[in-house]
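Q: Residue numbers (the UniProt record's numbering), protein chains in the order written: chain A, 1 to 415; chain B, 1 to 415.
It is worth saying that the hints were derived from the structure and are not from the lab.
No experiment lies behind these values; they were computed from the predicted model shown.
We treat Cβ as the ideally placed atom computed from N, Cα and C, and that holds for glycine.
Hints are not guaranteed to be accurate.
If the Cβ cut is set under 10 Å, some of the chain A residues that face chain B in the computed set are [to be verified]: (1) G184; (2) Y186; (3) F187; (4) T284; (5) V290; (6) P292; (7) K294; (8) V296; (9) R399; (10) I402.
Here is what each chain is made of, one letter per residue.
There are 2 protein chains.
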Amino acid sequence: MKKNVLIIGAGGVAQVVAHKCAQNNDVLGDIHIASRTLAKCEAILESVREKGAMKTEGVLAAHAVDAMDSAAVAALIRQTGAQIVINVGSAFVNMTVLDACIETGAAYIDTAIHEDPAKICETPPWYGNYEWKKRDLCAEKGVTAILGAGFDPGVVNAFARFAIDMMDEVKSIDIVDINAGSHGKYFATNFDPEINFREFTGTVYYWEDQQWKETSMFASGHDWDLPVVGTCRAYQSGHDEVHSLATNYPQADVRFWMGFGDHYINVFTVLQNLGLLSEQPVKTAEGLEVVPLKVVKAVLPDPSSLAPDYTGKTCIGDLVKGTKNGQPYEVFVYNVADHKEAYEEVGSQGISYTAGVPPVAAAMLVATGEWDAHTMKNVEELDPKPFFTLLDRIGLPTRVQIGGLGGTDMPWTQA
Amino acid sequence: MKKNVLIIGAGGVAQVVAHKCAQNNDVLGDIHIASRTLAKCEAILESVREKGAMKTEGVLAAHAVDAMDSAAVAALIRQTGAQIVINVGSAFVNMTVLDACIETGAAYIDTAIHEDPAKICETPPWYGNYEWKKRDLCAEKGVTAILGAGFDPGVVNAFARFAIDMMDEVKSIDIVDINAGSHGKYFATNFDPEINFREFTGTVYYWEDQQWKETSMFASGHDWDLPVVGTCRAYQSGHDEVHSLATNYPQADVRFWMGFGDHYINVFTVLQNLGLLSEQPVKTAEGLEVVPLKVVKAVLPDPSSLAPDYTGKTCIGDLVKGTKNGQPYEVFVYNVADHKEAYEEVGSQGISYTAGVPPVAAAMLVATGEWDAHTMKNVEELDPKPFFTLLDRIGLPTRVQIGGLGGTDMPWTQA
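Construct all of the structure, not just a fragment, from the sequences and the given hints.
A: Set out below in structure tokens:
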């Protein structure tokens with residue numbers, strides 16, 4: 001049994017994590033939040049207090065820390081007595097925060113793969129480049145590390161596991177992520193633009209016929225007829241969970257599909273073709289060295305500013321195909337979330353909500369011991385049922401369509 | 001009679017000006033070229049030498065000068081003995097260079113209106129904001145200043161004057177500027193992107209029914225069926241000559257139409273809507289202050305790099321409507337230029353060629369005395385015929401279609 005949570009990061013997802021931890025502090029204990037900028041942490045605490053989110057009286061505190069400095073993070077873990085660290089900071093700090101957890105014995109939970117700031121869309125094996133190299137050390141020291149416990153990766157890995165457990169054999173996993181909401185701006189990204197665009201600027205890798213195959217962004221599109229949001233076009237994209245699922249289920253094809261409207265694609269294409277999404281500095285006529293992507297980020301709306309006017313729904317799910325009793329068998333496991341409801345509850349838009357609620361559920365399962373694995377795990381390696389039970393209760397209910405998309409629709413508990 | 005030319009600027013247009021001055025140094029005397037960056041001037045001189053462009057033996061020299069420093073420009077005028085200054089530097093230096101001419105008595109010729117670097121697309125009265133305030137002083141000191149003597153403004157003002165001289169009464173002047181060439185890049189501007197985009201980011205003013213009217217960029221489009229280049233879509237844009245022509249011919253409607261392809265408009269619209277064309281600095285997450293437009297300029301191809309692969313033609317002309325002998329009368333006066341021929345002759349693309357040849361013709365007319373007005377003039381206030389005669393000879397022949405677009409086509413000399 002572990003308790004006391006240290007949240008690393010103070011962006012839109014961290015805000016959701018803080019609210020959800022506060023709503024469940026009877027299980028989680030003290031809540032600490034730390035980022036480079038103390039004022040951002042304090043603004044989140046203020047929002048938690050405004051909503052009266054703390055379930056019971058308890059500690060709720062903000063700290064300044066440079067998460068690239070592993071020793072500083074370890075010191076903060078010791079200082080706060082945190083036994084669980086939820087890392088929702090920039091994707092560049094995973095390894096320093098993980099090292100601090102291994103050093104102190106705290107459980108580590110994150111929501112996205114580690115990235116090197118100097119590289120874009122690294123090639124497979126993604127988890128193998130950084131995180132998995134620490135797996136033996138985690139096991140040796142008995143440190144729990146749950147990788148990619150957001151929505152995607154995270155809940156979608158659990159969706160896959162749940163569907164696969166219903167089958168004799170799995171043939172394919174197609175993860176479909178649709179944001180059918182509208183933020184009302186000309187253009188905006190739902191996460192930090194620097195991270196958001198980096199997802200789409202490289203080669204798209206997917207797993208088929210037991211090998212890595214390649215395509216390019218927006219080259220492979222498919223119309224998906226989904227519950228609630230209707231027919232939406234999505235394009236194959238690279239995503240963390242393709243790698244871990246392909247490793248754990250090498251016999252299955254694994255693909256990730258992200259929904260994009262024509263307008264998004266047009267803006268993205270213009271920026272990319274002009275070289276404005278580059279992370280390599282250019283020199284202006286006046287001799288100033290500038291990274292174009294950082295300027296694009298500076299002119300785009302702050303993702304957290306989108307929340308108040310965001311309307312509509314997201315639908316994220318896994319279409320899993322295989323066989324059962326010798327017959328073809330299909331299941332679609334999914335969640336639908338609402339932007340406006342998310343904002344009303346925790347002051348964030350639905351994309352941050354779907355990313356921020358799951359790591360809190362994971363933290364609660366570590367606290368109760370159900371997911372306290374004492375080693376490194378990706379989400380599909382853990383029992384999905386207690387996870388779904390908690391998610392149902394704290395805001396992200398799981399539903400299932402038996403027979404595949406458009407099949408018999410029911411809560412996962414009835415499947 | 002004046003002689004010895006000082007060219008201010010070392011961009012693509014300055015290169016054309018230098019070549020054309022060299023080709024006519026029997027009339028113009030010594031040729032000096034000056035800009036902030038000496039190496040750019042020297043590269044132009046090298047190109048002039050390579051083509052063997054000097055008609056007779058004579059002075060051809062490069063100088064470094066900060067054209068924002070009026071005293072430095074005046075000192076250089078005195079040092080070189082230049083009696084004619086062709087200002088094809090940035091639009092921000094007009095007033096300092098003009099002041100230096102007034103100070104020294106040298107004739108001043110430019111090709112575009114003065115701009116304040118801190119303002120975009122200033123409102124009417126454009127020439128009235130800066131240049132025309134010096135008109136009385138020019139007259140008092142007997143200083144010749146010819147404003148806007150490029151192609152547009154410049155030759156198109158002479159086209160208007162020529163057509164109007166054929167009529168009893170003028171009703172409308174529509175200037176149409178089509179670049180039907182192709183540079184083969186994803187996207188590029190033909191001039192310095194900083195100046196180029198500034199033309200299109202503000203309100204579009206035009207003169208109709210004896211008053212200023214407003215529209216916005218790309219809102220008012222029209223398909224023009226033009227000689228040689230065929231049917232091209234052009235959009236009302238603000239342009240210097242609309243102001244001077246409306247002042248000199250207030251009874252006529254005056255509109256300027258610039259040709260744009262859908263791709264250009266799309267890229268421009270994306271950049272503008274994102275705020276990337278702004279000249280106001282933004283701050284990156286790392287705290288660096290950057291002007292977005294300067295970053296866009298840094299990632300776009302250098303306009304001078306387009307020349308070697310540029311193919312196709314430009315067509316720029318004036319459709320002038322009025323009455324003659326009580327009957328409606330229409331004339332289209334125009335020039336067609338070829339990108340590849342321009343490159344072969346002077347190492348520049350056609351857009352720079354059409355902008356750079358006319359001020360040299362104007363300088364030659366100042367040298368011979370025909371346009372040595374001893375006061376400030378816009379081009380439509382000067383006799384167009386010697387100008388056309390020279391332009392015919394030095395590379396930009398004028399043609400006329402009597403009856404308007406698609407009418408009887410002939411050289412201007414037969415009209």
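Q: Holds or violated: is the Cβ of A/V296 closer than 10 Å to a Cβ in chain B?
A: For A/V296, the interface hint holds, since the closest Cβ of chain B sits about 7 Å away, which is under 10 Å.
Q: Under 10 Å, Cβ to Cβ, is where A/G184 needs to be relative to chain B, so tell me if that hint holds or is violated.
A: Given a least distance of 14 Å, the restraint on A/G184 is violated.
Q: Closer than 10 Å between Cβ atoms is the bar; does A/Y186 clear it against chain B? Give me holds or violated.
A: Cβ of A/Y186 sits 5 Å from chain B, so the hint holds.
Q: How about A/F187: closest beta carbon in chain B under 10 Å, or not?
A: holds, 6 Å
Q: Verify the interface restraint on A/T284: the C-beta must sit less than 10 Å from at least one C-beta of chain B.
A: holds, 4 Å
Q: Minimum Cβ distance from A/I402 to chain B below 10 Å?
A: violated, 44 Å
Q: Given A/V290 as an interface hint, is its Cβ closer than 10 Å to any Cβ of chain B?
A: holds, 5 Å
Q: Hint validation: A/K294 versus chain B, beta carbon distance must be below 10 Å. Holds or violated?
A: Holds, because the Cβ-Cβ distance from A/K294 to chain B comes to roughly 4 Å (cut-off 10 Å).
Q: Per the CB criterion, is A/R399 less than 10 Å away from chain B?
A: Where the cut-off is 10 Å and the nearest Cβ of chain B is about 37 Å from A/R399, the hint is violated.
Q: Please verify that hint: A/P292, Cβ, nearest Cβ of chain B, below 10 Å or not.
A: holds, 6 Å
When the structure is compared with the earlier hints, violations turn up for hints 1, 9, 10 and for no others.
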